[in-house]
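Those protein sequences? They're chains R and C, same order as listed.
Remember, my numbering sits 675 above the position in the first sequence when you count from 1.
Remember, my numbering sits 5 above the position in the second sequence when you count from 1.
Derived by calculation from the structure, the hints in this document are not laboratory data.
Glycine included, C-beta positions come from ideal geometry on N, C-alpha and C.
Warning: the hint list may mix true and false statements.
Said to hold, decoys possible - Mimicking EDC-like on lysine to aspartate or glutamate, the simulated pairs with C-alpha atoms at most 20 Å apart in a straight line are: (1) Lys274/C / Glu1043/R; (2) Lys900/R / Asp204/C; (3) Lys148/C / Glu1020/R; (4) Lys148/C / Asp1040/R; (5) Lys750/R / Asp204/C; (6) Lys148/C / Glu1043/R.
Unchecked claim - These stretches of chain R come out as covered by chain C in the derived footprint (C-beta under 8 Å, 3 or more residues): (7) 714-728; (8) 873-884; (9) 906-920; (10) 949-959; (11) 962-974; (12) 1030-1040; (13) 1089-1097.
Unchecked claim - Here are a few chain C residues that sit away from chain R, every Cβ distance over 12 Å (derived from the structure): (14) Leu102; (15) Phe117; (16) Ala316.
As a plain string of letters, each chain reads:
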Amino acid sequence: MTTTAPKHPAVEAPADASRRPRARRGPLAGIRVADFCWMGVGAVATRMLADFGAEVIKIEDRTRIDMPRRLPLYKGDPRSYGEELPDADPDRGGLFNNYSRNKLGVTINLRTERGRELASELIAASSVVTENFAPGVMERWGFTFDRLRELVPDVIYARMSGYGHSGPHQHYRSYGPVVQAASGLSYIAGLPGHEPSGWGLSYMDNMAAYYNSAAILMALRNRRKTGLGTEIDVAAVEVGVSLIGPMLLDVTVNGHSTHRPDFPTGNRLEHPQAAPHGVYPCAGEDEWVAVSVFDDAGWQGLEAAMGRPAWASHPEFASQASRFAHQDRLDGFLAGWTGARERHEIMHLLQAHGVPAAAVQNARDLTETDPQIAAHGTFFELDHPVIGPARFEGFPVIMSGGGADHWRSAPLLGEDNSYVLGEILGIGEEEQLELRIEGII
Amino acid sequence: MNDDASPDRRPLPYDGLRVVELAGDPAGELLGKLLAQYGADVVKVEPPAGSATRRIGPFAAGQEDPDRSLTFWYYNTGKASLVLDLPAQQAELDALLDRGDVVIVSAPPADFPRLGIDLGTLPNRERLISCCITPFGLTGPWKDYRSSDLVALAAGGILNSCGYDDHSIPPIRPAENQAFHIAASFAHQAVLLALLERDATGRGQTLDVAIHDCVAVSGELANPFWFYPEVLVQRQTCRHAQPAPTAPALFATLDGRYVYFALVLADIKPWNALVEWMGALGMAADLTEPEYAHLVHRQARFPHIQSILEAFCLVQDAETLYHEGQARGLPIAVVNSPDEVIHDEHLSARGFFQRVERDGEFVGVYPGPPIQFSSYRAAPPTPPPRLGASGGEVWG
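Start from the sequences, fold in the hints, and give me the full structure.
Here is the structure:
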C-alpha cells in the first residue's frame, strides 16, 4: 500500500453543533476506546460499545480507506458489488454509516513515526484498545500487549481475528465466507446431492462481532472488580465451530458421519421429526412461506386453516411419524395449497390457527411493513451531513433500565480530528495544522 | 494464552454469579451455557419430565432417553439440574429467584405461567436481572405468534439471502438452530450491560429479547442495501446474496470436496498471486499475457478465467488448495464438514476441543470456550446434568 496525497483534506471543526462530541449516557459512559477496527467484524463489535455510552474513537487512515466507506451502498444510486466508483466519496458509504454511528472518527497515518506516536498518546488516554487486523499488523506498529500495558497498566486489548493469535493458521486471510467454510457452517446447509448452499451473508462477521462485544463487556466488568486488565483473543473460526450445534456431537459421540448421501436435509428437520417443515411457494415471483409442524396440535391447526382439504385426511398423514415418513407427498399437497395464496396472508391465517409460520421476508418487508419491528423501534433514523436521513439497525433488546444512546450518525472522514487531538491529546492548533500539512492526520 | 503448566489460578469472569435457567429451547440454553462456561453457577430448573430439549435427538448410541439427548448435551454443559413440579413447588422457585442474580426465561410468552414466571411480579426483586427470550418479544402485534428456527429465519430476513442460484428451489435454511444462537448472543450482551448497570446502581432490570428482532438486524448487507439504494438482494449458491448475480465461488476439487474462493478482479495483487500459482503448476494458460494487467480485459474475459480456475481446482485436493492458496496470500478456504473440523490441525494446536466425561463415561468431544482472556480463565468442562442431578440442593 503506497502513501498518496490525501484526496479529501481533513475537515474543519463540524459546523453543526449537534455533531460535536458530548457527554454520553449508558452503562459504558466514561469509557474511552482507541478503536483500530475496520471492515465488518470489528466495526460491529465496537458499535455496540458506542451505542451504550462508550467514547469509541475510530482510528482511520486516509491512505487506506475502510472498505465499508468504499462499498457502493449509496442512497438513491443502486450499484452492485464491484461497481465501486474509483474516486468514491468516503462519506457516502451506507454500510459504514450503519456500522459506525455513535463513534468518533480521527485520521492518523500509522505508516509514519509521528502517526504512531499520536496513536500511542491516544491509547494512553484510553482504557480499551480494539483491533481486527491479521495477527502481526499491530505488532509491526509496536502495539504489543506489553507495550500497551506500559501506556495503560490495566488496559483491555481486544483482538478479533479469523483464526486467533496462535496456531499454525493464525496468518490465514479470512472474511465471513472463509470462516463459515473452514468452521463447518457452510457444509451443513444445503440439499442432499447438491453442493452446499451455505450462507448468503457474512454470518460469522456478525456472530464473531457479538461474541467480541460480550468479551469486552466481560473484561470491563471484571476489571472493575479485580483491577486486572487483559488481552482478549477471539478466533472467529472457533466461534463458528461452537455454533455447529448438536450435529457435531452426533459425529464425536455416535461416529455418525456427515459424509452421507442423505446429508444435509435442506429445510427438513429430523430432530425432532417435524412435518411438514419447509419453505413453500406462494403467489408471486419467488415468494415463499415457511411452515413448521411439530405435533398433532400443529397439524390440526394447519388442517383447519386450509379448510380441511380431502387429501389431509388420508391415513398416511394421520400421525406425526407417518407425516414425517411421507413428506414428499405432504410437501407436494401443501405447496399446491400455498401456491395460490399471498405469503403474509398464509402466515397470519396459520398463526391464527396456532401453526408456526412466516412469510420469507426481505429487507423491504422488515423496513416498511413489519409491524413488530416498527412497534419495537428496532430500526431507527439519524441524519447525516452527506447522506441525509438514514435508517439504522438498532440493538434488538428492549431494556427496562434504558436503551442505547444514539447521538450521531457515523463520523465523516477525520471529522473529530480537532476534538481528539486538541481536547483529548492537548495538541495546539498550530501543530494540528502542521500534522495536516505533513499528511500525518 | 496460559502457557504455565501449574494449576490455572486466574479468576473466572462469572465467579459468584447465580443464574436460574427456565429454558425449553436452545436460545436460553446457549445463554446459560455461555455463562456457565465462564464460571457462573447455573441452575437449570426442569419439569419432572425434563426439559423439552431432552426429548430431541439425535441420542447417544441411538438410545432414546432424557439423559442421552445430544441436543440437550450440547447446550447444557456446566449446569446443575433441579426438578420442580410447578405450580406445586412455586415457593421453591421463588426462593431461588430471590437469591439469583439472573433469571433466563426462554419460551413463548404463553408458556411463562407454566414455567412459574409472572412478569408482573418479577421486577419486585430489585437486584434480579430477568432475561426473557421469546420468539417475537413481549409486546407488539405478533407477540403471541409461534415460531421455530426455520420460521424465525424466514420472518427475520436471513432465509431470504440463503439458498441456490436456481430460484425454483426455495430458500434453504442454514442448519442447526442459528436463529436461537443469534438471540443467545444478543441476550448475553444484554445481560452484561445489565450487570454493569447493576454494579453501579444496585438495580436489576427486565431484558426483552425478541428472536425476530435479533435475526432482523443480523442479515449483514441485506438491510443496508434497502436502507440506502433501496435494492433487494437475491440469494446465490453459498455466496453473498447481491442485487445482481455474481460469479460462483464454490469450486469442486480432486478429492470430491469444495473450496470457497471469490475472485475479486479489481485488486491486482491477488490476481498476480493467483496467476503465479497457476503458472507454477503449468496451468496459467493465456492468463500470463500482458493484456490481463488491465482490469477491463480481465472483466471482459471473466468466464474464461473462471473456467481455467475450475480446472485448476479440479486437479488438486482441497487441503492443498487451502494451504497453498493461503500461503500465497489468497483468502481461500476449504469447505470443512463437522467430521473434518474436529481434526483441524490449527484448532488442535490451539487446544480448542475438549473431551467431556460423566461418571467416568466418555460423553463427547466439545468445542471449547470461544473467548480467550490472558487474565481470566474458563471453567473446566463439566458434563450435562442428569435430570434432577442436584437432588434439590442448590446454592447451599
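Against the structure, the hints:
At most 20 Å may separate the alpha-carbon atoms for a hinted pair to count; Lys274/C and Glu1043/R exceed this at roughly 42 Å. The hinted pair formed by Lys900/R and Asp204/C meets the criterion: a straight-line CA distance of about 9 Å does not exceed 20 Å. In summary, the hint linking Lys148/C to Glu1020/R is supported, as the alpha carbons are separated by about 17 Å, within the 20 Å threshold. A threshold of 20 Å between alpha carbons decides the hint, and for Lys148/C with Asp1040/R the separation of about 18 Å falls inside it, so the pair holds.
Restraint check for Lys750/R and Asp204/C: the C-alpha separation of about 42 Å exceeds 20 Å, so the hint is violated. Taken as a hint, the Lys148/C and Glu1043/R pair is honoured in the structure, with Cα atoms around 19 Å apart against an allowance of 20 Å. Closer than 8 Å: that is the beta-carbon criterion, and the region 714-728 of chain R has 3 residues meeting it against chain C, so the requirement of 3 holds. Using a Cβ-Cβ cut-off of 8 Å, 9 residues of the region 873-884 of chain R lie near chain C, which meets the minimum of three, so the contact claim holds.
Check result for the region 906-920 of chain R against chain C: holds, 13 residues qualifying (beta carbon to beta carbon below 8 Å, three or more required). Coverage of a stretch by a chain is defined here by at least three residues with a beta carbon nearer than 8 Å to that chain's beta carbons; for the region 949-959 of chain R and chain C the count is 6, and the condition holds. Coverage of a stretch by a chain is defined here by at least three residues with a beta carbon nearer than 8 Å to that chain's beta carbons; for the region 962-974 of chain R and chain C the count is 6, and the condition holds. Chain C is given as covering the region 1030-1040 of chain R, and this holds because 11 residues of the stretch bring a CB closer than 8 Å to a CB of that chain, at least three being needed.
Check result for the region 1089-1097 of chain R against chain C: violated, 0 residues qualifying (beta carbon to beta carbon below 8 Å, three or more required). Non-interface status of Leu102/C relative to chain R is upheld: no Cβ of that chain comes within 12 Å, the nearest being about 16 Å off. Every beta carbon of chain R lies more than 12 Å from that of Phe117/C, the smallest distance being close to 16 Å; the non-interface claim holds. Here Ala316/C stays apart from chain R, with its beta-carbon at least about 17 Å from theirs, past the 12 Å limit.
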